[in-house]
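A.B. asks: In case you want the letters, here they are:
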Amino acid sequence: MKRVLSNKWSIAVFVLPTVLFFTYIVIIPICKSFYYSLLSEIPAKVGDQSEFVWFDNYIKMFTPGRRNDFPGAVLNSLKYAALSVFVQLPFSLLISLILANGIKGESLYRNVFFIPVVISSVVISLLWQRIYKDLVPAIYEILSLDLPKNGFLANKDTKMMAVFLPSLWQFVGYHMLLMYGALKSIPTDIIEAATVDGAGGVRMALRIQIPMIKPMLKVCLSFSLIGSFKLFDTPWILLERANKQLPALSMYVEMFSNHKYSYASAQAMFIVFECLAFTVLLNMLFKDRDGIVSKKGRRRLSA
Amino acid sequence: MKKLVALLMALAMLLSMTAAFAEDEVVTLKVSSIWSAETEANRKPMLKTIEEFEAAYPNIKLEIEWFEANSWKETGETLALSDSLPDVFYWNAGGVLWNLVSSGDILALDEYLTDEIMARMEPGLLADMTFTVNGEEHVYQLPYTKAASMLYCNTELFDKYSVKIPETWEELITAIETFKANGVTPMTVGGADQWPTNMYTDIIALRFAGDEACRAAYYKTEGATFMTQDWIDGMAAFKQLIDLGAFPEDAASLTRDESEVAYFAGEIPMYVHGQWFSGSLSPEMQQKVVAVKFPAVGRGYDNQYMGGAAEGFTVAAYTEHPQEAFIAAQFFAENLSKNGYISGAGLPAWKYDFSEYTDLNPVMAQIKEATSTADSMLLWGNTALTGEDATLIGQTVYEVLTGELTPEQWCEDMETIFE
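Line order of the protein sequences matches chains W and D.
Note that the numbering used here has the first sequence beginning at 198, numbered continuously upward.
Note that the numbering used here has the second sequence beginning at 60, numbered continuously upward.
To be clear, the hints were calculated from the coordinates, so they are not data collected in a lab.
Some hints here could point you the wrong way.
Claimed, not checked - Taking lysine to aspartate or glutamate and the EDC-like style, the derived pairs with C-alpha atoms no more than 16 Å apart in a straight line are:
#  : chain 1 : residue 1 : chain 2 : residue 2
1  : W       : 353       : D       : 133
2  : W       : 457       : D       : 136
3  : W       : 353       : D       : 458
4  : W       : 330       : D       : 379
5  : W       : 346       : D       : 99
6  : D       : 120       : D       : 317
7  : W       : 346       : D       : 458
8  : W       : 346       : D       : 319
9  : W       : 330       : D       : 383
10 : W       : 330       : D       : 317
11 : D       : 89        : D       : 458
12 : W       : 457       : D       : 448
13 : W       : 346       : D       : 136
14 : W       : 353       : D       : 379
15 : W       : 457       : D       : 463
Said to hold, decoys possible - If you want the ones that stay clear, here's a sample from chain W, every Cβ over 12 Å from chain D, calculated:
#  : residue
16 : 280
17 : 334
18 : 350
19 : 359
20 : 450
21 : 452
22 : 477
Predicted, not measured: the structure shown is a model, and the values here were computed from it.
Glycine is no exception: its CB is placed at the ideal position from the N, C-alpha and C atoms.
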């Protein structure tokens, strides 16, 4: 087996089906979308009548106009990404640290936090729809407070936050479980050694546990950022029809309601590039940090 | 000689067997229909129509897929991209139909439409189902109903608060104010779905600007414009209703279904909606509700209606069985027209003698009566307009409802469709 796996040709044969499949369902559609995004606004079905407009669709996306809301949609997705990174992930980390350090009912809490992840986003959205439309107004009435004009889901100042909240809540459990798994895999002798050296809960978390699960934090950060840029289902259900307040929603409306296939393809390509750019950025950021840590470590060793 | 007779007999047997097999050859048609929910007014009539079709054409097997209206519109448009629309399907007329006709997805029905079939159809209903492609005019859809926007008034609430059913704009305002003063929400609308709000704005704009100006704008005729005082007045009148508190406070976040719950419960006195709504009324509600013409504003357009033939059945251009698909589409259109009217779901688009039916939906009968003397019928803006223009009219009307756009800004935004 070892001899087979050391042969590059054998590896190529084993990997080939996956590479072909991946190329067919991911690479080729991306390339095709890029090609469509360079065409004029003519339905893709009559492609023979289309003409190359090169990057006009990309320029149009970011040209200020009264009804061009794509820059606003991108800004909204960045706000959601910031909330995911600075609120959702720290909260998930906090819960995972509490659970991993052993509390009574650890497994029950772990499962309860994970339940929203296994429920379909559609169900979650409908659940929150009822919260916003029935429960929250009832609470406001009891407290004699004024609801925002048109309700939380139709008020322009509250609607985006009302949409972000269910998604943030839903995936806390997902990140929590990933971090919890990583925390549990830290060798017990390291934890014991730190305890012997007098490290308490906070110091243990900051100096031992969090640095040791850094690769998993990077994974969570990537998932969280990419998920933010692609957010679609919850706002689609919760907000009014044909709204374009997030990039994925805008792309869908341009494609299927407005029939601007080329323009929608340009928006799709923007989402792809945005996800790629942030993934690369994240890799660079963590690589640099890894580099700094290892250099420091080497210096300490040589000293 | 014997051999010859035997040969002929064998040949005759073979031929009759072939004929028998040919007779039994079953063609399968894929059909997509809306009205997936049991509560939809057209659900039962459509099921009855399918039953009648299966009895009449045993050699045509139907594979039916049911959808919710909005979801079918999106699914249908997605299927069209990959030439995979079903053989026969429900679709809207006007701009929505043109989207699929222009991309070559819909079969022209002219060669199958005989004079005898045309004579059975109500006249003048094919205007929004006929398009010119490559210089030739073709019919692409067959209507099963004639639509009309009406004002549905709950007489129980009108009587309770001694309010007159409004015939003029002033009476409408008085009615709204009286109901508000008594703690009753006067009207309802499902703002989140956008198109129910268009029902209000379209009919109000029609009263202020008239059929000619609205038709020109919705069909983007040369010289048409939204930048006239009539359009601004129309949208300002709609804004007046909002400012008076005619709609529920959270109307903009309600879907159509949610918005209608209070009406069905007898808590809301007025609702502007299409004729199909009368089919959703329970038998008890049918006795309480009257459907009347939207109030007059005195600009000379008071007997005009929003509606016309807005929905029908179409055949995919790439169907393998065009003849059978046409038979099914035509049968669905004609029989659903009959069954829909009998059950109170819609106005008939085909001629039929209903005199033997004595228990027809009284609200639908009122609509049939009222629209029979209509000066004109105009398709709704979001159906007549296409693609991003249709999305825009929905979005902008929603923004007027939420207070983000003024009537003037609405007109300015809509004017961009002519650029």
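A.B. asks: Could you run down the list of hints and mark each one as holding or not?
C.D. replies: Structure-based check of all given hints:
1. Proximity of residue 353(W) to residue 133(D) is assessed by CA-CA distance (about 26 Å); at most 16 Å being required, the pair is judged violated.
2. With a C-alpha separation of about 12 Å, the suggested pair residue 457(W) and residue 136(D) falls inside the 16 Å cut-off, and the hint holds.
3. Taken as a hint, the residue 353(W) and residue 458(D) pair is honoured in the structure, with Cα atoms around 10 Å apart against an allowance of 16 Å.
4. Distance check on the hinted pair: residue 330(W) and residue 379(D) sit about 48 Å apart at the alpha-carbon level, beyond 16 Å; violated.
5. Taking the CA atoms of residue 346(W) and residue 99(D), the gap is near 32 Å; set against the 16 Å cutoff, the hint is violated.
6. With a C-alpha separation of about 37 Å, the suggested pair residue 120(D) and residue 317(D) falls outside the 16 Å cut-off, and the hint is violated.
7. With a CA separation close to 13 Å, the supplied pair residue 346(W) and residue 458(D) stays within the 16 Å bound.
8. A hinted pair counts as satisfied when its Cα atoms are at most 16 Å apart, and residue 346(W) with residue 319(D) does not qualify at roughly 21 Å.
9. Between the alpha carbons of residue 330(W) and residue 383(D) the distance comes to roughly 48 Å, so the proposed pair goes past 16 Å and is violated.
10. Taking the CA atoms of residue 330(W) and residue 317(D), the gap is about 10 Å. The hint holds against a cut of 16 Å.
11. For the hint linking residue 89(D) to residue 458(D), the alpha-carbon distance of about 39 Å lies beyond 16 Å, and the restraint is violated.
12. The hinted pair formed by residue 457(W) and residue 448(D) meets the criterion: a straight-line CA distance of about 12 Å does not exceed 16 Å.
13. Proximity of residue 346(W) to residue 136(D) is assessed by CA-CA distance (about 35 Å); at most 16 Å being required, the pair is judged violated.
14. As the CA atoms of residue 353(W) and residue 379(D) are separated by approximately 49 Å, the hinted pair breaks the 16 Å bound.
15. Using a Cα cut-off of 16 Å, the hinted pair residue 457(W) and residue 463(D) is violated, with the two alpha carbons roughly 26 Å apart.
16. In this structure residue 280(W) is separated from chain D by more than 12 Å, as the shortest Cβ-Cβ distance comes to about 22 Å.
17. With a closest Cβ-Cβ approach of about 7 Å to chain D, residue 334(W) is found to fall inside the 12 Å limit, against its non-interface label.
18. Against the 12 Å criterion, residue 350(W) falls within the reach of chain D, whose nearest CB is about 4 Å from its own CB.
19. Remark: the non-interface label on residue 359(W) conflicts with the geometry, its nearest Cβ contact in chain D lying 9 Å away (cut-off 12 Å).
20. Listed as outside the interface, residue 450(W) is inconsistent with that label: its C-beta sits roughly 6 Å from the nearest C-beta of chain D, within the 12 Å cut-off.
21. Consistency note on residue 452(W): stated as away from chain D, yet its beta-carbon is not over 12 Å from all of that chain's, at 9 Å minimum.
22. Against chain D, the non-interface label of residue 477(W) holds: every CB pair exceeds 12 Å, the least being about 32 Å.
Checked against the numbered hints given earlier, the structure breaks hints 1, 4, 5, 6, 8, 9, 11, 13, 14, 15, 17, 18, 19, 20 and 21 and satisfies all the rest.
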